[in-house]
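Once you've looked at the hints, dock chain G against the given chain H.
Protein chains: 2
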Amino acid sequence: MTTKYVYHFAEGNRGLKDLLGGKGANLAEMTNLGLPVPGGFTITTEACRAYLAEGAEPKSMRDEVTEHLARLEQQMGKNLGDPTDPLLVSVRSGAKFSMPGMMETVLNIGLNDTSVRGLAAQAGNDRFGWDSYRRLIQMFGKTVLGINGEHFEHALDDAKRAKGTTNDLDLHAEDLRGVVETFKGIIADQSGREFPQDPREQLDLAINAVFDSWNAPRAVLYRRQERIPADLGTAVNVVAMVFGNLGMDSGTGVAFTRDPATGAQGVYGDYLQNAQGEDVVAGIRNTLPLAELEKLDKACYDQLMSIMEKLERHYKDLCDIEFTIERGKLWMLQTRVGKRTAAAAFVIATQLVDEGLIDLDEALTRVNGAQLAQLMFPTFEEEAGRERIATGIAASPGAAVGHAVFDSARAEELAATGQRVILVRRETNPDDLPGMIAAQGILTSRGGKTSHAAVVARGMGKTCVCGAEELDVDVRGRTFVGPHGVVVKEGDLISIDGTTGTVYSGEVPVQPSPVVQYFEGTLAADADPLIAAVHRLVAHADSLRRLGVRANSDTPEDSDRARRFGAAGIGLCRTEHMFLGDRRQLVEALILADSDEDRQRALDALEPLQREDFIGIFAAMDGLPVTIRLLDPPLHEFLPDLTELSVRVAVAEATNRPDPDAVRLLAAVHRLHEQNPMLGLRGVRLGLVIPGLFGMQVRAIAHAAAARKRAGGDPRPEIMIPLVGAVQELELIRDEAEVILREVAESSGVEVRTLIGTMIEVPRAALTAGQIAEAAEFFSFGTNDLTQMGWGFSRDDVEAAFFSAYLDKGIFGVSPFESLDTEGIGRLVRIAVEEGRAARPGLKIGVCGEHGGDPDSVHFFHRVGLDYVSCSPFRVPVARLEAGRAVVSAEGSDSR
Amino acid sequence: MTTKYVYHFAEGNRGLKDLLGGKGANLAEMTNLGLPVPGGFTITTEACRAYLAEGAEPKSMRDEVTEHLARLEQQMGKNLGDPTDPLLVSVRSGAKFSMPGMMETVLNIGLNDTSVRGLAAQAGNDRFGWDSYRRLIQMFGKTVLGINGEHFEHALDDAKRAKGTTNDLDLHAEDLRGVVETFKGIIADQSGREFPQDPREQLDLAINAVFDSWNAPRAVLYRRQERIPADLGTAVNVVAMVFGNLGMDSGTGVAFTRDPATGAQGVYGDYLQNAQGEDVVAGIRNTLPLAELEKLDKACYDQLMSIMEKLERHYKDLCDIEFTIERGKLWMLQTRVGKRTAAAAFVIATQLVDEGLIDLDEALTRVNGAQLAQLMFPTFEEEAGRERIATGIAASPGAAVGHAVFDSARAEELAATGQRVILVRRETNPDDLPGMIAAQGILTSRGGKTSHAAVVARGMGKTCVCGAEELDVDVRGRTFVGPHGVVVKEGDLISIDGTTGTVYSGEVPVQPSPVVQYFEGTLAADADPLIAAVHRLVAHADSLRRLGVRANSDTPEDSDRARRFGAAGIGLCRTEHMFLGDRRQLVEALILADSDEDRQRALDALEPLQREDFIGIFAAMDGLPVTIRLLDPPLHEFLPDLTELSVRVAVAEATNRPDPDAVRLLAAVHRLHEQNPMLGLRGVRLGLVIPGLFGMQVRAIAHAAAARKRAGGDPRPEIMIPLVGAVQELELIRDEAEVILREVAESSGVEVRTLIGTMIEVPRAALTAGQIAEAAEFFSFGTNDLTQMGWGFSRDDVEAAFFSAYLDKGIFGVSPFESLDTEGIGRLVRIAVEEGRAARPGLKIGVCGEHGGDPDSVHFFHRVGLDYVSCSPFRVPVARLEAGRAVVSAEGSDSR
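Sequence order for the protein chains is H and G. 1 is the number of the first residue of the first sequence in the working numbering; add one for each residue after it. 1 is the number of the first residue of the second sequence in the working numbering; add one for each residue after it.
Just chain H, same shape as in the assembly (with noise of 0.2 angstroms):
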């Protein structure tokens, strides 16, 4: 049996987007629905496959083209390029996922020396035939032979110039013919063949033009940057032309089913009089609102609103359509599931449900983390007098206000008065580093959504607007100018918008997401439709997921945060941050101890103070797990800076002012001085070299719960070791712990159940999982540090060094810091998950990188079977809603 190559849209439905794009599959579904749409057929994707495999089209698409194309004549009563009635056709590039840098359109295709005179007759209109001829040879020549579009833009310039007009409108018939034998003479020099006047050779050569696309270089990197398969390929549509250039009872127009900013119920678009599709985008005249059109054509109205709710109850959802009105008859173009904002996807998604189209499950799917995390964000107020300067690309959410500086220093300078500033720059750099930390937000007028500046503002969590190309950016004279002469001089006070890109002089007031303040539990869940619908959907994702939901948080406020946004348990309390501050003294003492006195001395100064943190977080957390996992900071960061002390020690030599203090110290920090303290004596290793120190902490822990309990208190410690690469490491630390924790009960009286597990963040850990286990009550995936390791790149160096480079090389999708790299070190989780319970079964497993409170990895948490994720308080909200999703998505689909 030889493969269908060709559908005809009657012969297709919107489930074969795989085979015949998204496109090709939605003119297929409205066909079946009996709208109108022009007669066509579509070329599969497997034929795309086919033809790039063997350089050639196969045999039996060819024969099938010519059936389906005899089909489509048929039915529109024309032939494809007939002589005094041609049918003209669209050929459409249309891939599964759509991809710009693929060709789009040829339109007008079946046009020659000859069909242009019978298309003018038909038409009654001499210009629009030439003008389509005109257009046909442009496009042509551009997208299917690849000449330089500036060729055809120059000599239309010249015909304009020649009429001395600048209009394409005062071109008549007569012009457009002679620009017609330019053009023809363009394609001739440039290509070295002639215009085809064989209205199949047209079609044909036009359709392996869009195959070839499929491997564009543009397309080629789009497809890397967004982690869609190279072996997917394009679906070609093939479909009998319509116009809206006829005249005044022509048009054509797009539309939404509900409006996509607020999801408020009504129909919302926009329709233009005779014009095509590509008139509206070059915005040559003002659109009107689309209930004008009731009044222009009342019946053609109608119809489409009736179209319009046909569509949106049978894709039960926003739908957005592309029409066309030619003389008085109406034809759908396109149709697709429409975009959105954020506030808009709950809002519809919840009203959908009370329409009874959808029901809850399936409301879910229909919003995501992202678009929750986006309505967390503090927002400008909504008010008159916000000037806007320019919108650059929302590259990392939020709303900034400072004043702008233009270079690092001044920002580091700025700030440390405790000014609020915002870095501007062409671009950033590595060197800008510092300045970043110390801004508001960045805003820079060059590079997009992988510049420097976007990729590092978000692994920070900073407002970012990049690329805002408006702006004239002047680092020297330190001013910006915008696009109506607004200057922006250093120390003026300007607002940046992350979530939409726009950027505002002066200081716009920020507001509270209510968002936020319902989850602080200070707005009622029925305050407004966006708070009803979040509530309404996260409380249902509650219901749904198989994953807990904890949070990382090392105080008692942050805890008490935590659980108000729901979170079921501490999943990571980090214990170095207790160690910094006033008691970075005592933990100095401590490493630089020279006898067993000094370092018990340190130990035992420090052991009540943790005690206090641990009862003040079991106190916040009272029923719910806690996960303390022992110290673990690269050494350097409790000791002073080498190069800062060794500049001290020269310089007061070098001066006559020796300061032996500073000699005996740095001395110390020479011997423990690391290359590569992300690689050094950290978490375990540092617990078993220096004596008594996990110990310590262990005794806090217990005599913390101890107290807790004995006031009536339900305390769940769970102990977590960190940085463990071998079972042994973690016997022996366990072994320690478990004598401690009897005798804190022998000599407190009070037993507190108290687990004890380890993280998984080191390669090899996972690795060896399954010894591990067997030691371990509870595993615990440290994911940056797996990331780390796995990688072989420190986030601190790499992030600004290479990132930018390899996100635009498409070597990443997306950071592996922002969403977990799943194939890779993805793999080391699944081989721990599964080695581990094969050794312990039930044992408990989660994650407490940051990647916990990141959709798209939740997602894949929740398919490897992970029994919770654990993420910042922030995050604790956007996790239970996709952990919900997640068991509502398809096997391996993403949160996207």
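FYI, nobody ran anything at the bench for these hints, they're computed from the structure. C-beta: ideal position from N, C-alpha, C; glycine also. Check each hint, because a few of them may be wrong.
Covered stretches of chain G (in silico footprint by chain H; criterion: 3 or more residues with CB under 8 angstroms from a CB of chain H, positions within the stretch not fixed) [as the list claims (entries may be wrong)]:
1) 651 to 657
2) 723 to 735
3) 764 to 773
One side only, chain G facing chain H, incomplete, derived with CB under 7 angstroms [said to hold, decoys possible]:
4) 365
5) 681
6) 794
7) 824
8) 827
Using the frame of chain H, we list chain G on its own:
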């Protein structure tokens, strides 16, 4: 069916080591050979496992012991503890692997207050009877009841003091009877129970004590360190006592069937009249050479010779034995395959082949690469006049001579003036690292094979003797004092032998290794028996091995040497080594380049230099593959040190002598500074971020190959991309390289087949090897980086900081940088081999980390099916030998 827990000696054989332990299996073997072995039986390791699991011996085991004891009594014609003629037995532990730290032996079980008189009467020697009883109580108290041995020693000393003597032999029967009473008192006081008079109770308690000793802390630690499984358990041997101390017609001895030092044929041993084994160990009297026995007791001597010949023919190897003569009757107490020196191992193995006892395959299993490596170190000349000061632990082999220095700073100072130094310390710590690097060798008076000094010296390949406890090191006084009052002061010449542990005063002349001279081609293969043996066995290994052996070499000189040593190409040519020295300025300019022009200028200057480098190496390796790794330095290796430069700038400022050049450079160094250079901008990342860098190297390789080929050579370049973590990285560099290779082929008119492959050194590369293989023509494992990233520790930082602690605690059996961690890192290797070959059948795979020359690791690489190993030229013969041994070794066995 109940399990059989006890085997009479006649029921076992040497194949049952797992069940009967080494000692028991060999006693059984000798029994079945008809040799005069005292009667006895072995309780199995399985019984031990059951005992340890259940906390009591299995009921049926007790019954079996009863039965076998009866059989033994019948065989010996005496009953255990019989009042008039008691059978006495010894209880000896015997695990599969010899294990210090376990209870070893209790002698004379069966004696009590009554039977002691029977024994005395039978022996006709009261003193013998009471001394035997005294020994039983002492050993039983110490090893079975766990009483501190000092109690007994003090009591014995008291008795001697009372007699005014220091010699046991001056204590008469009556004195010893008093000692027995005192000892019984000690037992009662210390253990709270009477010394058991029931012989069977003595026996049962001793058996259980052996079982318990399996889990003694020192035994547990030893197993951890030696990677002996914790669940094997030990066997227990119960053997009828024979006495070598019944008069001058009795005695005891040890013997080897050949000289274990040189391998020379002919027996070799010691004999001590009227003594028991423990007396030989105590060294109270001087032993006689074995040949003397012929004069003392010709019959026994002849019988012994015949037995030894029989044993050697039976075991087909050098055996060592222990024997006792009781009143003119010879008894064999133990035999096993004997330990020998490296040289003896090679000589004996080939002798046995010539004697027709084994074939060459078997001979290969009798030697190993560690022995061959030992033979390749220079040694001290064997001549009169060497003054031995002390002997410590042979921690890292080699022969080093230098001036004694006592601290790190002084070592660096003297070394800087061109002097050779030996760093002498009580023990070393990370502070001593610079001095250790500066020194020829390291000598310490404390610490064992896993001490800091030993671990770090082995890591550096530097000679080290540690734990020379006879030395009294006075670091402040800058002297050390030897056992005979020898004083060595700072600056005095000393010589240390890291292969034997010997310390000499003065300069001992060093002689080069004859084995190396043979490989170098300056000594003939028949120069002496050792070289002939090495030649023959390495040649046999070559004929068997499936693994190729290449060398790591960056210069024509090293490449020449590697080829003489048998390397079949270069597996790793590190181009960063070519970038140091004079060219550092150019590289610095390249890295700091502000503009494309500056960068290109630096690249243009480097290209011809690189080209010459490669031409030389291709010439040395003509006709053999040369794998060239593109640049992979941590960035900071090419830049001035941040701290030094900061000090320079600060001091210049503080002293009002501004240094604008340094200020500018400092800014750049700051910009490029990395927290963790190991995890920073290295390898392929540098190649992707610095335009033209890798291209320049590829062009230099291509031109060098073309030049060689035009000159009639046969260059076989293989281009290797370092630090790849994702296939996309490789694809990008590969595309660039292929364009350049084509360009050079066209411009030079010479086509050189050039493979392009990748290092697998980042864990993620191993985890996604299936994808990477699509773009790689070969893989080469960089197991150093794979180990660093897989374990999450950097060698530089952690080896000195905590490896000795980790080895002591048994977390490692051996440093994972010495021998590949086959469980964790080896798993990554296995995954990459399997999935790489699945994606690209026949993919060529090698390893070029230092593990390529490590014996254990070579076996692993053979097992997982690599094509070749690559190691330093010096290790090439070792790798050849081990690659052959891997073929004849049983699956899963190690190389030791």
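For each hint, the structure was consulted:
no.	hint	verdict
1	651 to 657	holds (count 3)
2	723 to 735	holds (count 6)
3	764 to 773	holds (count 4)
4	365	violated (30 angstroms)
5	681	holds (5 angstroms)
6	794	holds (4 angstroms)
7	824	holds (4 angstroms)
8	827	holds (5 angstroms)
This entry does not satisfy hint 4, going by the numbered hints stated previously; all others are met.
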